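**Student:** Residue-level listing of the chains:
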Amino acid sequence: MTFAEIQAQANLEWEALNNGGRPQITVGTATCGRSAGAMAVVKAFEEELQAKGIDAALVEVGCIGPCYAEPLVNIKKPGWATVSYRNVTAEMAREIVAAFLLGDDPLAKYALGVFGEGEIAGIPNILSTPAFKPQERRVFRNCGTIDPTNINHYIANDGYIGLNKALGMRQEEVVDVMKRSGLRGRGGGGFPAGRKWEAGLKAKGTQKYVVCNADEGDPGAFMDRAVIEGDPHSVLEGMIIAGYTIGADTGYIYVRAEYPLAIRRLERAIQQAHEFGFLGQNILGTNFSFEIRIFPGAGAFVCGESTALTLSIEGKRGMPRVAPRPRTTEVGLYDKPTLLNNVKTFSSAPMIITRGAEWFASVGTEKSTGTAIFALTGKVQNCGLIEVPMGITLRDIIYDIGGGIADGGQFKAVQTGGPSGGCLPESLLDTPIDYDSLDAAGSIMGSGGMVVMDEKTCMVDVARYFLDFTEIESCGQCVPCRLGTKQLLDILKDICSGRGKPEDMDLLYELSHSVHGGSVCGLGQTAANPVLTTLRYFRDEYEAHINDRCCPAKVCKSLISYVIDKEKCVGCTLCAKSCPVQAISGEKKKIHSIDQALCVQCGVCLEKCPKKFSAIACVSPKVKQEES
Amino acid sequence: MKKVTLTIDGLQLRADEGSTVLQAALANGLYIPNLCNHPDLVPAGLCRVCVVKVDDWKISISCKLPVKEGMVISTEDPEVQRIRKSTVELLVANHPMTCLTCSRDANCELQRVASYVGITQESLKRYRRSVRQLPIDSSNPFFDIDHSKCVLCGICVRTCDELQNINAIDYVRRGVHTTVGTLGNKPITQSCCESCGECVARCPVAALAPKESPISMREVKSVCTYCGVGCGILLGVRGEKVVGVRGDRDNPVNRGSLCVKGRYGFKFINHPDRLTTPLVRKDGVLVPASWDEALERVAANFSEHKGEQFAALASARITNEDNYLIQKFTRAVMQTNNIDHCARL
Amino acid sequence: MTNSIAEIGEAATILAVGTNTTQAHPVLALQVKKAARNGARLIVANPKKIDLCRHATLHLQHRPGTDVPLLMGMARVIVDEGLADMAFIQARCEDYEAFVASLADFSPERVAAITGVPAEQIVAAARMYAGYGPASILYCMGITQHSHGTDNVWAVSNLALLTGNLGKFASGVNPLRGQNNVQGSCDMGGLPNVYPGYQQVNDPKVREKFESAWGLSLSPDPGLTLGEVFDRMYDGTIKSLYLVGENPVLTEANANHAIAALKNLDFLVVQDIFLTETALLADVVLPAATFAEKDGTFTNTERRVQRVRQAIAPRGEAKPDWQIVAELAGKMGAKGFDFSGPEEIMVEIASLTPSYGGISYPRLEGAGLQWPCPDKDHPGTPTLHVERFGTASGKAKMIPLAFRDADELPDGEYPLVLTTDRSLFHYHSGSMTRRVAGLEQLNSEELLKINPRDAKALGLADKEMVQVTSRRGTMTVRTSLSQVCPPGLVSMTFHFAESPTNVLTNPARDPVAKIPETKVCAVRVDKIAQP
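Taken in sequence, the protein lines are chains A, B and C.
Okay, so the first sequence: first residue is 1 according to this note's numbering, each after it adds one.
Okay, so the second sequence: first residue is 629 according to this note's numbering, each after it adds one.
Okay, so the third sequence: first residue is 974 according to this note's numbering, each after it adds one.
These aren't lab readings, by the way, just hints derived from the structure by calculation.
Keep in mind it's a predicted model, so treat the numbers as computed, not measured.
Hints may be right or wrong, so weigh each one.
Below, computed lysine-lysine pairings styled on DSS-like, alpha-carbon distance capped at 25 angstroms [stated by the list, open to error]:
#: 1; chain 1: B; residue 1: Lys-692; chain 2: C; residue 2: Lys-1007
#: 2; chain 1: C; residue 1: Lys-1304; chain 2: B; residue 2: Lys-910
#: 3; chain 1: B; residue 1: Lys-934; chain 2: C; residue 2: Lys-1308
#: 4; chain 1: C; residue 1: Lys-1436; chain 2: B; residue 2: Lys-814
#: 5; chain 1: C; residue 1: Lys-1182; chain 2: B; residue 2: Lys-934
#: 6; chain 1: A; residue 1: Lys-336; chain 2: B; residue 2: Lys-692
#: 7; chain 1: A; residue 1: Lys-624; chain 2: A; residue 2: Lys-608
#: 8; chain 1: B; residue 1: Lys-934; chain 2: C; residue 2: Lys-1304
#: 9; chain 1: B; residue 1: Lys-753; chain 2: A; residue 2: Lys-493
#: 10; chain 1: B; residue 1: Lys-934; chain 2: C; residue 2: Lys-1436
#: 11; chain 1: B; residue 1: Lys-849; chain 2: A; residue 2: Lys-501
#: 12; chain 1: A; residue 1: Lys-204; chain 2: B; residue 2: Lys-696
#: 13; chain 1: B; residue 1: Lys-910; chain 2: C; residue 2: Lys-1308
#: 14; chain 1: B; residue 1: Lys-910; chain 2: C; residue 2: Lys-1236
#: 15; chain 1: B; residue 1: Lys-692; chain 2: A; residue 2: Lys-204
#: 16; chain 1: C; residue 1: Lys-1212; chain 2: B; residue 2: Lys-934
#: 17; chain 1: A; residue 1: Lys-501; chain 2: B; residue 2: Lys-753
#: 18; chain 1: B; residue 1: Lys-849; chain 2: C; residue 2: Lys-1349
#: 19; chain 1: C; residue 1: Lys-1007; chain 2: A; residue 2: Lys-336
#: 20; chain 1: A; residue 1: Lys-493; chain 2: B; residue 2: Lys-713
#: 21; chain 1: A; residue 1: Lys-316; chain 2: B; residue 2: Lys-814
#: 22; chain 1: A; residue 1: Lys-316; chain 2: C; residue 2: Lys-1236
Excised from the complex, chain A in its bound form (with noise of 0.2 angstroms):
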C-alpha cells in the first residue's frame, strides 16, 4: 500500500467511530488512570452496555493530563457536546449509562465539563476554564483522545505525514528544519536538538545509533510514560525520522522496566510499524531500513544520564562517562555515533517536519519555543500533567492551571526540575518558564517536576528530602557526588534534629559549589541545588533551626513539641487516648499534660482534640518539661 491508501484507510476506521452514529465511550486507562481504578470502570461500562443493549463504542485512551480527575471517562453522543466526566467510579458508571445514554440527563454533578462543539447547561466548557485555558496540547496532541493501540488512529491524526514529508527530503534538509524549529532537548539539558541531530549526521561511521531515553527517573515526573501510554507511535515516527536523518540502522528505546504497560504499548506500536511498513526494510519504499528495539532499564536514578544509558545498554555499570569526552554524537552506543534525545522531543519531531518550524516556533520564546511538559504536584489544587508554552509564568502555572493552594494554604515555594532542581520563593514567581531563566534563578528545567509547597512546608527539610534521594542515587564513582551528598545529607538531618552548629551553613554552601564543580556528571552537579536555592532563598529557616533549635514550619519532629493549653483543656481524655505511646496523663474533666520524654511527635492528639477546644498546639522550639 502507498501512504496515500494507508492514509485513507485510516481516515475511514476514524470516521466511523467518530461520526457513525453511535455514541462514543473514552476511559483514560494509562497507567494514572488504571490506579484510580480506570478498570473496573470499563468493566462496568461494558457490561451495562450489553445489558442494556446499547451500540455504543468504548474505546480506552491514554492520559489527558488531570490526575485529580481521574478515572477520566469522556462520553461523545450525537447531537450533544462531548462530557468529560472526572473521578468515575464502576457505581457512577452504571448510573450515566442509565441516566444520560438510555435517557438525555448528562449528569451535571460528575461532569469536569464539555468540549467540542455545543454547550450543555451547568456544565462549564473545558477548554475555558483556568486550569485549561493556558495549556496548549502539542506533545499530548493524541494522548487521550485516541486508542493507543490502534495505529489507525495515529495515522489518522496527521500521523507518519512527518515520516513520509521527511523520507523526501534530504538529510541536511530535515537537519535544517529541526534547527530553525528551535526545539531544545526536553530531556533537561536543552542542548538545542537540530544541532544534536546535525552532529549526529555529520559523525564519521557506518554504523551509527538513535536512542529514546524513556528512563523518566525523577520522582513525580511521569509525563514521558503518559506520552508512551497514549500516543508511542508519536515516539516512534521521530526515531525513525531521526534514523532517517543521521543515516542510522537501528534505534533503542531505553524504558524503565517499572513501566510494563508503557513497554506493551511500545511493542504493540513497534510491531503495527513494521505490519505498516514504518520500520523494517525499504520504509514507505525507499532505501532506507530502520529497526527499533525496547530496552528495559532496571530502575537506577543514573541511568537517565546519557552516557551511563549507553553503557547500561551495552550491559554494563550504568555510570556516566567522563569529561572531556567526546559527544555522544561521536562516541555513544557501543562506542559508535549515537544520536539520544528524550521520549518528548522525538515525539516533537514528526510534528515540526510536518507543520514546519515556523508553526513550531509561533509559541514559546525566542530561545525556547514550543511548549514545556510539567507534572505539577504537591499543594496545589489541580495536581496533574500539563503542557504550556514556554514563557509563561510560574505564577499562570501555580494559580489558574493548579487552581491556587490546596486548603486554603499560603504558598512559600516551588521547586521545578525534579531533585536536581532548585526551590523559588514568592518572589521569583513571575519568572517565566524556559530553559535560561530557571537557570538564572538556580533551578532547572529538568525533567519538568514541579512541585508546590505551601507555609507548613519545612525548607530544611526539603532540602535534607532530595538530598536523601541524589545520595541514594549517586553511581558512586565520583568523590564529590559519592560522599558530598552524604556529607549535605548528614549536615542537614543534623540541623533538622537540633543538632546544627553554626558553621554548618557557610560548610553547606562550600561544599554544594564543589560538589557543583567537582562531579563527573549533570546529576552530580546539579545534586546540591536543592541545598544552594534553600540556603539562598530561605535562609532564616535555617538560622532558626540552628541558632534557636526553631523549625518554623513546625515539620523537624526534632524541634517541636506538643502542648496542652491549661487554659483550654477540659479533660475530654480524646487525646490521652488515641496517644500511642501513652505519653498524655490526666483524669476526666481535669487537665491533662504529655509528658515531653515520652512523646514522638506524631501529632495525633491535635488531630484528636475537639475544634471547638483547640487545646493542643504544635510548639517550636522544643518545649522544656516542666512548661507543659
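Position chains B and C relative to chain A; hints supplied.
**Tutor:** Just chains B and C, lined up with the frame of chain A:
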C-alpha cells in the same frame, strides 16, 4: 612525536601531543595531586583531586585533559583549591584515622594528597565523620580487602580489567554504598581472581594490602625462579630472610607485572624443610654428614663409573653457570656425553 | 622463541596452539590478552576449553594428538586460496613443492573428520592467520609432548614459513619454555648431543675446540637422552647417576618405571634444595642453594640472558650448585674447575659459545641480552632469522608431513583420553610451591577435570574420590565436573605427590626429540567401592 608548548603555573613546558596535562606535569617534575591516576591505566577521572583551571575560565580534571598548544593551566587557582580541598576533606572525613598502625603509613597516596592540599584539624572538625563498617575480606591467603580504607579510585578494577583482563572485581552497589566487589559480592576467593596481586601492588591506600608486609631493609634485583618467562623481580630482604617480592618495572619482560607464584611464592626459600647439610645413606638410612665426607663418597663412587656407566641429569631450574659446570664435569671428568635434563617435561 | 615477548602484544593475529598460557605463563599471557583487547585475532587451538578461549576470536577444539592434520589443513586452505607468501617462500624456503604435495591428504573435510573441528572453522582460521599479519604462533607442551612432537613442531614451522611470518617483528614461531632456565640449560649443553651453544659433540672441529680449551680428550659419541638414561638404569647399564634439581619420581612419564630404574642404581646422588620424593632414594644428598642465595644467569624463553643475584646467604651449609660441582671435581683431581665465582664461569662460557660470545656480567646489568650475541659490541637479537636461517643454505626447509595418531588411543578397556596440564598456583612437582602455605590454600589437591556427561555416565559426582587407571598404573584423585574438557577427555596436573598423575602417562617417545607422550594416554575412571 610532535610536541606542544603549554604553561602550568607560569612555567612553560614541552609535552608530547596526545598526552594529558597531568602526564605533562608529572613528566616535567610538577606534582598535581591525584589519587585515581596510574601510569599503566587509562585515565579515569574519578577522584577529582587533579582539578586545574584551564585558560583562566574552565575547571577541568587534568588527568583526562589533552594538552593543547598555548594552553594555560593554573593548579593553584582559588576555585581549584576550594574544590580540591573539599574533595580531599570528604575522603579523609570518611577514612579511618589509624595511620600509625596502617601498612601504608608514610607511603600512602591519600596522606600525600591530604598534606599537599593542607588538611587541618580545624577544617576536618566541621565534617560529619563516618567510616564504613564492612567486614574485611580476608579469604585470600596473600592479601586482605578492607573496604573502610577504600577511596574507590577504581585502580584495582581497572587493573583487573585493562591489564589482566580477568575482571574478577568491579563496582557493586551504588552511591555511598558503592564498594569494589566480586560477582555476587562473594569473598574474593570465590571469584575468578587469580591472586596475581597486581591490584594490591597498585592500591594507593591500604584497602588492598598484603597480609604480611614487612618493610624490606634492602632490595635485590633478580629474576623469578618459576616459569620460562623470566620476569624481573626485586627480592625484599630483611635480616636473613626474603620477605617480599616486587615486580621490576624496568624489566622489559614483565614491566613490573607478576603472577601469583612470582609475587607470593617465595616462602619456600626460608622454609624449615630446606636441606641444610649433606646426607649420606648409612645402614639404609640417610643421615647428616659433612661436606668432605659426602663429596669424598661421591668422588670415590663416580671415579669407578666413568664413561658409559655414568649419567648426569642437569636442571632447568639452576643457573647457566651451574649447568655449564655440570656438563663440563660430565664430559671432562666423567668422560661421557650422558647428560640431559628435564627440558622435555 | 624466534621473537620477543613484548612483540606478542603487537601481533595482528595470534595462533596459540597447545598452550594453556594464562595458567602456565601468566605474565606472557598478558601480552596475548592485550593484543586481543586491542583487536588482534586470537585463534586458540586446544582440545580443552581453556581460560584463554574467553579472549579468543576462534577456538579450534581438536582431538588430542591431531595437531598435524589441523595445522596442515590450515596450510592446505592457505595454499588453495592463494594466501601463501610466495615471495617469501621463493626467497627464503626450500622444498616447497614436496610440502605442497603432502597437503593432498589434508583437505578441510578430511581434517574435520580426523580432528573433530568443523571444516569451516579450519578455513576461517587459515584465512585469519594468513590474512592478518604479522601473525605470531605460540606453542607449548601441547605441541611437543607427543610421540610425534617433532612433526607437530614442523607443522607449526611450515605454517609460519608458508605465510612469511618469520624474521619479522611480532610474528614468528614461539615455543613457550616451561622452566625458568630450561632455555639456558639447553644453551649450556645440558644435552647429550651438543656442547654449549648447540655445537655438535660429533663435530670434530668443535670437539677439538673444547678439548684444547679444557685440556683433555672428549668422547665423540652423543650420549643418552633422559628417557634412554632411565631405560639403561633399568637394565643395569648405567650404575651411577648424578641428579641435580629434578624430581623424576613425580615428573617422569610412566613414573613406576622411573622409580624402578632409580632403585636399580648402584649409586644415586641427588642435589636439591628439598628432600624430594626422588632424594629419598639417594645414597648421597647434597644441599643446594636456591636462586635467592647465589649469583648467576637465567636465560628466558625469548633467549634473554638475565642476571640472578644473591639476596641472602645459603641456608645452613647449602652451597650453590656450581660450587658443589667444582668441589667435587676438585676431590676427583680434575683441573679447570677452580672458578672464583659465576662471573668467571661466564667468561669461559662466552669464550667457547659463539651465541654467548658477547655476554659478560657488566653488559647484563640493565635489561640483559638476547642471544645470539656473538661479540662484545653486539646488541643482542630480539628477532631471529631476519635475514637468513641457521641452516647451511641459509634457507628454511618446509617439511612434508603425514598424519600419525597418538601412540595409545582409547578403547573399550580404557575409554577416556587423559591429558596433562598445569595449575596456575603450582609449579612442576610442587616441591617449592606446595611449601608456600598460601598457594597450597588456593589449590590444595589434584582434581580430575571430567565432562559432566562422562561423569554422569560413570555415576560420578563432583568432588568424588575416584580411581584412575592406565595400562601402566593406577592412582586416586577427586573429580571436578567441568566443561573445560569435552566428553571423552579428562585432564590432570602432576603437582601432587598424593595423586601422582605420571604413573598413568605413556612413555612412548618421539623418535627425534625423545620426548614422552604425556599429553595423550588412555585411561579408565572407576568409582571407588564403598567399604
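**Student:** Are the hints correct? Go through all of them and say.
**Tutor:** Comparing the hints with the structure gives:
{"no.": "1", "hint": "B:Lys-692 <-> C:Lys-1007", "result": "holds, 22 angstroms"}
{"no.": "2", "hint": "C:Lys-1304 <-> B:Lys-910", "result": "holds, 21 angstroms"}
{"no.": "3", "hint": "B:Lys-934 <-> C:Lys-1308", "result": "holds, 16 angstroms"}
{"no.": "4", "hint": "C:Lys-1436 <-> B:Lys-814", "result": "holds, 21 angstroms"}
{"no.": "5", "hint": "C:Lys-1182 <-> B:Lys-934", "result": "holds, 22 angstroms"}
{"no.": "6", "hint": "A:Lys-336 <-> B:Lys-692", "result": "holds, 20 angstroms"}
{"no.": "7", "hint": "A:Lys-624 <-> A:Lys-608", "result": "holds, 23 angstroms"}
{"no.": "8", "hint": "B:Lys-934 <-> C:Lys-1304", "result": "holds, 15 angstroms"}
{"no.": "9", "hint": "B:Lys-753 <-> A:Lys-493", "result": "holds, 17 angstroms"}
{"no.": "10", "hint": "B:Lys-934 <-> C:Lys-1436", "result": "violated, 51 angstroms"}
{"no.": "11", "hint": "B:Lys-849 <-> A:Lys-501", "result": "violated, 56 angstroms"}
{"no.": "12", "hint": "A:Lys-204 <-> B:Lys-696", "result": "holds, 23 angstroms"}
{"no.": "13", "hint": "B:Lys-910 <-> C:Lys-1308", "result": "violated, 31 angstroms"}
{"no.": "14", "hint": "B:Lys-910 <-> C:Lys-1236", "result": "holds, 16 angstroms"}
{"no.": "15", "hint": "B:Lys-692 <-> A:Lys-204", "result": "holds, 23 angstroms"}
{"no.": "16", "hint": "C:Lys-1212 <-> B:Lys-934", "result": "holds, 10 angstroms"}
{"no.": "17", "hint": "A:Lys-501 <-> B:Lys-753", "result": "holds, 11 angstroms"}
{"no.": "18", "hint": "B:Lys-849 <-> C:Lys-1349", "result": "holds, 23 angstroms"}
{"no.": "19", "hint": "C:Lys-1007 <-> A:Lys-336", "result": "holds, 22 angstroms"}
{"no.": "20", "hint": "A:Lys-493 <-> B:Lys-713", "result": "holds, 23 angstroms"}
{"no.": "21", "hint": "A:Lys-316 <-> B:Lys-814", "result": "holds, 19 angstroms"}
{"no.": "22", "hint": "A:Lys-316 <-> C:Lys-1236", "result": "violated, 61 angstroms"}
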